[in-house]
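Here this note's numbering is used: the first residue of the sequence shown is 241, the next is one more, and so on.
Since the hints were made in silico from the structure, they are not lab data.
Hints may be right or wrong, so weigh each one.
Straight-line C-alpha distance at most 30 Å; calculated DSS-like pairs for lysine-lysine [to be verified]:
#: 1; residue 1: 713; residue 2: 245
#: 2; residue 1: 801; residue 2: 691
#: 3; residue 1: 691; residue 2: 245
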Amino acid sequence: MTSKKLSFPLQHARTQRFTLGAPRAFTVSPDGTRVIFLRSASGSDRTNRLLVLDTGTGEERVAADPAALLGGSAEALSPQERARRERVREGSAGIVGYAVDDAAELAAFALSGRAYVAELRAGTARALPVPGPVIDPRPSPDGRHVAYVSRGALRVVGAEGDGDRAVAEPEDTHVSYGVAEFLAAEEMSRYRGFWWSPDSDRLLVARVDDSAVQRWWIADPAHPGNRPAEVGYPAAGTANAEVRLFVTDLEGARTEVVWDRSRFPYLARVHWSSNGAPLLLVQARDQRSQLYLAVDTESGATRTVHVDEDEIWLDLFAGVPAWAPDGRLVRIADEGGARVLSVGDRPLTGGQLHVQAVLDIGESDILVQATAGEDAADPETGQSHVYRVNELGVERVSEGVGVHSAVRAGGVTVLVSASPDHPGTAVGVLRDGVRISSVANLAQEPVLTAKVRLTEGGARRIPCAVLLPTGYKESDGPLPVLMDPYGGPHGRRVVAAHNPHLTSQWFADHGFAVIVADGRGAPGRSPGWEKAVRDDLTLTLDDQVEALHALAGRFPLDLSKVAMRGWSYGGYLSALAVLRRPDVFHAAVVGAPVTDWRLYDTHYTERYLGDPAEQPEVYARNSVVTDEGLSEPAGTVRPMMIVHGMADDNVVVAHALRLSSALLSAGRPHEVLPLSGVTHMTPQEQVAENLLLLQVDFLRRSLGLSRP
241 MTSKKLSFPL QHARTQRFTL GAPRAFTVSP DGTRVIFLRS ASGSDRTNRL LVLDTGTGEE
301 RVAADPAALL GGSAEALSPQ ERARRERVRE GSAGIVGYAV DDAAELAAFA LSGRAYVAEL
361 RAGTARALPV PGPVIDPRPS PDGRHVAYVS RGALRVVGAE GDGDRAVAEP EDTHVSYGVA
421 EFLAAEEMSR YRGFWWSPDS DRLLVARVDD SAVQRWWIAD PAHPGNRPAE VGYPAAGTAN
481 AEVRLFVTDL EGARTEVVWD RSRFPYLARV HWSSNGAPLL LVQARDQRSQ LYLAVDTESG
541 ATRTVHVDED EIWLDLFAGV PAWAPDGRLV RIADEGGARV LSVGDRPLTG GQLHVQAVLD
601 IGESDILVQA TAGEDAADPE TGQSHVYRVN ELGVERVSEG VGVHSAVRAG GVTVLVSASP
661 DHPGTAVGVL RDGVRISSVA NLAQEPVLTA KVRLTEGGAR RIPCAVLLPT GYKESDGPLP
721 VLMDPYGGPH GRRVVAAHNP HLTSQWFADH GFAVIVADGR GAPGRSPGWE KAVRDDLTLT
781 LDDQVEALHA LAGRFPLDLS KVAMRGWSYG GYLSALAVLR RPDVFHAAVV GAPVTDWRLY
841 DTHYTERYLG DPAEQPEVYA RNSVVTDEGL SEPAGTVRPM MIVHGMADDN VVVAHALRLS
901 SALLSAGRPH EVLPLSGVTH MTPQEQVAEN LLLLQVDFLR RSLGLSRP
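Put together the whole structure using the sequences plus the hints.
This is how it looks when you write it as structure tokens:
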């Protein structure tokens, strides 16, 4: 009896986009002897374990295994933990995050609502006898205590399980301590709400009060007996949660950190290291000015270290701000038309690099991730590399075409690399630049191979990826076209890696020429490129059209049959495509779209479109449910399939329903596919599998193509 070959949609769903079995979340011990990481046991196993690699021998061992710790019991997640995982787009199970002490001897993690610690040298793990459900346990730098959040309170317990107590307790149901508010986690990439002092005797603790935030209710229409879930959602132009910060000792005595919260309400970054006082980055609501503040931990007073201002907006970056060992401020800034690394008042990079993140700050250099800048001789389409930077110059650490990142400590660098020619990622362990070991990747081998061509299109040199059917020959003639973008801010899709293009290749193998284009607004090129979309997100559609027409002269594209598919911002762009440019686009799959920007959150939306009360015409022009949004040549109707998860608390289903209602009022036929119980992530295996199949069927049917 022969086994049936696994289909790509099923494999893609079952492996959670080929992320299961891939190592992640690396930490290098300060002595360079160990690498700590997470990985599941196979490419179809959702349960992550905590592992340790001995850099001397190359041997791996399990430090904590959820199967053993839970004794075979099923994992149970609290609503708060589910919401936290939705913010970080976490779909796996088991140990999904951990924190270590300064020596990387003790790790703490949450599992099934309980707090655990693991002795990383001994390889033993145990639960702490503390009240749950537990969120975000973190050891103190000296390894003697563990702080964690439970039911809105920040608590501290001894690493041996002794002396558990609350150090900050909520005053009412709208207040929580030690957690990141919705905006911080969803838009600022700040997922924490408390920070240990280097001396392990105090903590900085965020207090969040969301009483002023408007209430929305997310119902489950498939189960009318269930009560709707109440969520606080800060839509554009409405009130945000109030965020305050306190210095708290281990007995609960606290001092408030003071800054002008009325002018700078966003607590974007917190950094506390032995190199200086606690460092805050706070932003104005319009995100055109921000302060770097040093905190006096005795009085709570702050002093301004640096001020950034930009007439368009200011971005946030991973790894900064921070103190250099000599006490100077390390930041990433937009200066002279370039995104540069600055230490103190001196930029250490220029237009050759577009700096994306600071990976490590050492005694003699800084490790960064960067793309080629506007002044680079080679655009290196889709690539990201790791560089060592100091006052003597810049040196590339990573090699080969691809997307590279790194973690470093104790003279050891863990280099994570993806290339367009090989599936998955390769993880090398380097000491002083010499490879000494590697971390195994257990992810499944995809049943298809992505043959991606990275190029540029149009006068603006728009980064593009093109995929043709496997085995395509020139004699096969022109192909119907599927534009497959994200296409908006903070979402780079044209990358020099294999796995991100697998779904596009699957669509290509169903008879399409697939084009992925990163137009203006997309990251990775220059500040001006990203900020060109201020007040006018429709420019992102213009760039899709330009890329399409430019590539038509070089690839076999049938411009009489062009469709677009997208999710989230890509869904918005797909709706925009068939409504604004039906002369170019003939069908669209509109997935989880933002259709009315007044319904999306403050930090994201106001960055690009301003305050809706001050610029209502900007919101109307960028919407697809207003008269402006629905305007198209009389009699021109393009097929549209709208897909949305009913449980989505990020882009709520009201976006899709308002679009459907507007289309119905305008007499325009369309299809709506509601996904019951599905969030913005669509992690469910059957849903993810069948969603791909339904999309390709709709696209072929809408473009008048026969079944393959």
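- Take a quick look at whether residue 801 and residue 691 sit within 30 Å of each other, Cα to Cα. holds (22 Å)
- Query: Going straight from one Cα to the other, do residue 713 and residue 245 come out at no more than 30 Å?
  - Reply: With Cα atoms ~26 Å apart, residue 713 and residue 245 stay inside 30 Å; holds.
- Measure nothing beyond the straight line between the CA atoms of residue 691 and residue 245; if it is 30 Å or shorter, mark the hint as holding. Answer holds: residue 691 to residue 245 is near 21 Å, not above 30 Å.
In terms of the numbered hints stated before, the structure departs from none.
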